[in-house]
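Undergrad: Here the protein sequences come in this chain order: A and B. In terms of UniProt numbering, the first sequence opens at residue 1 and continues consecutively. In terms of UniProt numbering, the second sequence opens at residue 1 and continues consecutively.
Read the hints as simulated data drawn from the structure, not as lab findings. Misleading hints may appear alongside valid ones.
[As the list claims (entries may be wrong)] No more than 30 Å apart at the CA atoms, straight line, and that leaves these computed lysine-lysine pairs for DSS-like: (1) A/54 / A/32; (2) B/4 / A/78; (3) A/4 / B/78; (4) A/54 / B/78; (5) B/4 / A/54; (6) A/32 / B/4; (7) B/32 / A/78.
Every value quoted in this text rests on a predicted model; they were computed, and no experiment measured them.
Number of protein chains: 2
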Amino acid sequence: MSSKAIFYHAGCPVCLDAEQNVALALDQQRYKLETVHLGTDKSRLTDAIKAGVKSVPALVLDGAAYHINFGASIDDLK
Amino acid sequence: MSSKAIFYHAGCPVCLDAEQNVALALDQQRYKLETVHLGTDKSRLTDAIKAGVKSVPALVLDGAAYHINFGASIDDLK
Chain A
1 MSSKAIFYHA GCPVCLDAEQ NVALALDQQR YKLETVHLGT DKSRLTDAIK
51 AGVKSVPALV LDGAAYHINF GASIDDLK
Chain B
1 MSSKAIFYHA GCPVCLDAEQ NVALALDQQR YKLETVHLGT DKSRLTDAIK
51 AGVKSVPALV LDGAAYHINF GASIDDLK
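Produce the entire structure from the sequences given, and follow the hints as far as they go.
TA: Have a look at this one:
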């Protein structure tokens, strides 16, 4: 059974680095990874906020939010 | 060839959660994971600071620091 991982970003350099080095380092046998650009896909903002995402880049693993370094505040993406 | 991952923590609840859900989610075929408790192993502080760790929990992947949420400042562990 695989778990769900959603990587939220906004295309910023900090985001891209975290995607390459953390999100893509996850065990893909266990985690099905989806990448969401909140800068271009505003329709996903509500889900991100509901999961507790306060800044990007962030990784939501099975519904729990993990903020990785700091690229941009979620408030600046609304 | 496997890469090196060091998970720095201080035993705090935020740290333990990040260890269980992010550090242990890494692909262990690609990353050799070491876990360091900076609260009890002060000798590792210098290495952590050199890698850019400013707070725990943090994951250092091939020398680059990724701070995951916020448990404690590195200054409070010195």
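Undergrad: Going straight from one Cα to the other, do residue 32 of chain B and residue 78 of chain A come out at no more than 30 Å?
TA: violated, 38 Å
Undergrad: Regarding the pair residue 4 of chain B and residue 78 of chain A, is the alpha-carbon distance no greater than 30 Å?
TA: Answer violated: residue 4 of chain B to residue 78 of chain A is near 37 Å, above 30 Å.
Undergrad: Is residue 54 of chain A within 30 Å of residue 32 of chain A, Cα to Cα?
TA: holds, 22 Å
Undergrad: Taking only the CA atoms, is the gap from residue 4 of chain A to residue 78 of chain B under or equal to 30 Å?
TA: Distance of about 37 Å is beyond 30 Å: violated.
Undergrad: Verify the proposed pairing of residue 32 of chain A with residue 4 of chain B, using a straight-line Cα cut of 30 Å.
TA: Holds - the C-alpha atoms of residue 4 of chain B and residue 32 of chain A are around 23 Å apart, at most 30 Å.
Undergrad: Within a Cα-Cα threshold of 30 Å, do residue 4 of chain B and residue 54 of chain A meet the stated pairing?
TA: holds, 29 Å
Undergrad: For residue 54 of chain A and residue 78 of chain B, compute the direct alpha-carbon distance and say whether it is at most 30 Å.
TA: OK: residue 54 of chain A and residue 78 of chain B at ~28 Å, within 30 Å.
Going down the numbered hints, you'll see the structure goes against 2, 3 and 7, while the others check out.
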